[in-house]
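If you read the sequences in order, they're chains U and E.
Taken in order, the first sequence gives residues 1 to 496; the numbers are from the numbering used here.
Taken in order, the second sequence gives residues 1 to 518; the numbers are from the numbering used here.
None of these hints come from the bench; they were simulated from the model.
Where hints are given, some of them may not hold.
If you anchor each label on the Cβ, the simulated ranges turn out as follows [to be verified]:
1) E:Glu-196 - U:Thr-396: 19 to 25 Å
2) U:Glu-210 - E:Thr-381: 54 to 60 Å
3) U:Thr-396 - E:Glu-432: 32 to 38 Å
4) U:Arg-7 - E:Arg-329: 43 to 49 Å
5) U:Gln-192 - E:Arg-70: 27 to 33 Å
6) U:Arg-7 - E:Gly-268: 40 to 46 Å
7) E:Arg-70 - U:Pro-461: 26 to 32 Å
8) E:Thr-381 - U:Asp-148: 38 to 44 Å
9) U:Ser-231 - E:Glu-432: 43 to 49 Å
Computed from a predicted structure; not experimentally measured.
Yeah, the Cβ is synthetic: ideal placement off N, Cα and C, and Gly gets one too.
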Amino acid sequence: MTDGAIRSIVVVGGGIVGLSAALAFAHALPQARVEVIETPSDPAALADRMPSTLPATAHFHARIGIDETELIRRGIALHRLGTRFEHWSADGSTWIHAFGDYGRPVGGIGFHDLWLRARRARQALAYDRYSAAAMIGEAGRFVHPEDDPRSPLATYVYGLQLEPTGYRSRLLDAATGAGVFISPGAVAHVEQREGGGLGAVLLQDGRRAEGDLFVDCAGPRGHLISSVDESVEDWSSWLPVDRLLVGETTSTVAPASLDAAVATSVGWRWAIPLPERRAFGLAFRSSETEAARARRILSLEEEGAHGGETVAIRCARRPRPWVRNVLALGDAATAVDPLHGTNLSLAHSAIERAIELLPGRDFHPLELAEYNRRTEQETLRVRDFLALHYLRSGRTRGEFWAGLGKRALPGTLARTVEHFLARGRIPFFEEETFEKRSWVAAMIGLGLLPDHPSAMTGAVPAAEAARAMHAMAATLADLPRRLPPYSDYLTRMRRS
Amino acid sequence: MALLRAVRYGGIMKGELERQRVVVLGGGTAGWMAAAALVRLLPHAADVHVVESAEIGIVGVGEATLPHLRAYVQTLGIDEAEFMRATHATFKLGIDFRDFGAVGTSYLHPFGSFGTEMNGVHFHHFWRRMLAAGRDDDLFRYSICNVMAAAHRFAPPAADPTSLLSTYSYAYQFDATLFGPYLRRYAEARGARRTEGKVVSVEQHSGTGDVTALRMDDGSRIEGDLFVDCSGFRSLLLAGTLGEEWEDWSHWLPCDRACALPCAPPPGPIEPYTRATAMTAGWRWRIPLQHRVGNGYVYSSAHISDDEAADAIAAAVEGTPLAEPRVLRFRAGRRRRSWVKNVVAVGLASGFLEPLESTSIYLVQGAITQLVELFPQGRITDADRDEFNRVTDYEYDRIRDFLILHYHATTRADSPFWDHVRTMAVPDSLEEKIALWRHAGRVQHYSQGLFLEPSWIAVYVGQGMLPDRWDQRADAHDAAALAGAMDRLGARIADAVGRMPDHAAFLARREAMIGAPA
């Protein structure tokens with residue numbers, strides 16, 4: 001930068017996404033003035049209200065100076081090893097989608113190829129029996145991953161389950177400490193700038209917020225971003241959920257490191273462990289299911305799930321999340337349902353990318369194009385990953401599911417499924433949020449199994465592979481016994 | 001009971017691999033690389049049959065390679081030292097480009113990064129900022145490969161990823177005419193069949209058009225399920241039989257001939273790098289092997305005659321010539337698709353990009369890797385072919401853009417050739433990359449494929465194309481503190497390299513170790 005550096009940033013939206021962005025900008029650009037306008041929160045801003053995260057959060061937190069240990073100790077966060085999927089597949093089997101390796105390669109051949117071959121010979125246990133994270137999480141145990149590459153405790157990572165109120169106030173403290181200006185307000189009007197983009201945001205109390213860059217973090221409505229670019233790409237034919245029933249139990253429950261996603265006839269419901277309580281909810285479609293019915297179904301199926309708020313969502317993305325001097329983050333940029341808990345992690349990734357590619361005050365179209373190109377690559381693959389669960393679940397029971405399996409897939413997802421079914425292989429895409437091991441676990445969990453074994457498996461004799469697989473499963477089956485119950489682990493952490 | 005088991009466990013039958021008869025047409029570098037990889041990685045899925053003719057010479061592409069080849073050697077389970085001895089190989093840390101951006105300038109395109117990033121900001125932004133602040137400093141001082149190369153030193157990179165010495169890689173410079181035969185011994189020892197003879201006709205399935213057999217000059221037929229076309233420029237199956245269209249790139253890459261002239265190694269150190277020196281109508285290579293130096297002039301026949309080129313290379317070599325100058329002809333471009341029906345073209349049969357960045361063997365290896373991963377079980381599907389061709393497309397396109405950049409990013413106006421390449425229109429994809437770099441010092445991001453950020457930075461900066469701006473986070477640091485940190489980094493690199501052995505000495509010591517009894 002010689003001149004033309006960004007000097008001031010106005011973040012609209014004081015939820016988790018807005019504060020995270022403000023804090024990250026304040027850290028990266030100590031000379032810039034960063035201001036957050038705490039607009040009234042939008043109930044459909046899922047990244048703000050359902051902050052589950054993927055393992056990449058650790059990197060983001062380190063960047064913005066948030067100490068994860070402190071979040072755990074203060075009862076703001078739990079470790080998240082994965083999600084248990086129930087009743088999604090054709091045969092109704094349950095599987096755990098865990099953040100980590102499934103098995104280890106044998107003789108240079110990937111574990112899943114060997115597992116698929118062994119399964120055909122009916123000599124394999126369920127796929128998640130070879131995942132340390134799944135076994136530990138299922139047994140209600142936990143220990144921080146180790147570095148020693150020979151240990152099964154080095155084969156997993158974890159995300160976080162964050163308690164939104166406590167987490168938001170922690171971010172607020174940090175942002176204030178980093179010199180971010182924070183004030184409540186509601187946007188009345190946006191003022192266009194000569195030559196394109198925004199000049200100022202006018203608040204209902206008459207104030208006027210000016211800045212070089214405006215960051216729209218106020219939820220899916222995208223008040224700011226839509227004032228410069230109205231285009232929205234609708235995803236509802238691939239991601240059919242348009243209503244959420246969102247609630248929390250108040251009774252104390254034992255902490256857990258796995259959440260659950262349970263398919264039901266009208267959609268799917270979640271149960272998410274939080275410190276001292278549990279979040280629950282139901283994802284459904286308004287064209288078949290009324291809110292009152294959703295409430296009844298949820299209270300029948302989920303113990304202690306009474307009440308809850310109905311929220312309308314629309315799965316979609318903005319093809320151009322950065323236009324001129326307006327950057328949309330979180331649900332303002334990409335709105336997806338809470339399956340797999342990607343909302344906040346997508347926002348984290350976008351914030352990091354925006355900082356990495358931060359343009360000057362001229363907001364050169366080439367630089368924004370690079371940001372939008374990479375964001376698109378990332379977003380479309382998250383859409384694909386979620387859509388896989390709806391459109392190729394194998395489940396046909398229930399009004400929500402009937403017919404979904406016949407819907408056409410997005411091209412990139414069709415290619416992914418076709419390759420896996422033919423060769424057990426996940427084709428490469430840039431900017432993948434879910435690693436290949438996650439894709440493979442989802443495919444196998446959903447019952448999408450290749451017609452043929454990979455030609456490469458021939459290099460390892462079946463008997464040799466079977467011995468190795470047996471040993472892996474035995475080690476992992478024995479592992480939880482040697483680890484503390486998660487509640488003990490937390491108690492110890494809070495005491496130390 | 002036995003019958004019941006057989007029915008219930010029917011899945012086992014399906015679980016067994018179906019063997020495919022793979023016919024590799026052509027026994028050059030590409031053909032034997034493919035055969036060796038297939039017998040190694042697919043011992044139960046592929047029966048490999050190589051068909052080659054001693055009458056048809058091989059081009060022996062690439063004496064200089066890229067670091068990726070090490071993965072190939074490792075995958076085959078070959079001992080590196082033994083392999084290097086067999087091919088008279090030396091180590092390569094990059095390519096020394098001379099006179100490209102302007103006559104009298106030079107830079108190393110290193111197999112490694114520049115400096116270390118700080119708080120997520122890549123080093124070159126700090127360097128650029130300090131340059132603007134008046135610090136007269138060479139970015140290449142912060143490339144370990146460059147400092148090693150300049151001192152003719154070599155040591156393998158450190159395994160510890162936190163070490164400064166883990167931030168570079170290396171490749172080999174070897175005798176390509178020995179590489180094919182080396183792999184032939186390897187492949188034949190592991191079951192590859194070989195038939196000597198010339199193909200006189202190709203049989204196709206009347207319905208699908210798939211190639212079914214090759215008819216040989218001795219009247220025999222060689223049948224196959226999958227045909228790997230390694231027939232070189234002739235592209236006998238892909239172009240000849242299946243008629244796949246040619247996409248011509250010679251308007252961007254006008255060099256269409258090379259005049260090769262190996263010479264005896266001159267006294268002095270063995271350079272752990274390849275030299276590429278710009279000439280009036282192209283450029284010349286210099287590749288030091290253990291026993292000789294490979295030289296050649298890659299030129300545009302529209303701008304210089306064969307005789308003039310031969311004279312120019314003869315005048316340029318630094319040792320006694322070991323052969324008569326030999327002229328090779330080629331054309332930049334590629335077949336639109338590399339995998340069509342049951343024919344997979346690998347190497348020159350699929351396309352050609354001049355050796356400026358030593359990419360020929362890389363493209364062969366990439367195609368083989370894809371083929372192994374997509375190796376058919378059951379029938380070949382469109383998905384297989386499409387995926388193979390998709391990956392091949394972006395590999396070719398990126399290398400093409402990267403090569404064009406070397407010609408286009410220049411101020412040379414001393415010959416019609418350089419006038420042409422300097423002023424020509426470049427592909428839109430390259431135009432965008434250059435504009436993004438010039439404006440903001442950013443390299444378009446991708447993580448799969450050849451030539452990642454440091455490579456692009458090397459050519460941009462090395463050829464005098466500086467960005468107007470830099471990452472504004474680089475301004476957050478105190479200038480004096482930054483200068484101090486950069487000085488310390490430069491000193492650390494210089495110190496580390498100072499303790500490395502001489503390249504020739506390192507080679508000699510390894511040679512002595514292999515020779516010694518175990």
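Note to self: Run through the hints listed earlier and report the numbers of any the structure violates, in increasing order.
What the structure shows: Hints 1, 3, 4, 5, 6, 9 not satisfied by this model.
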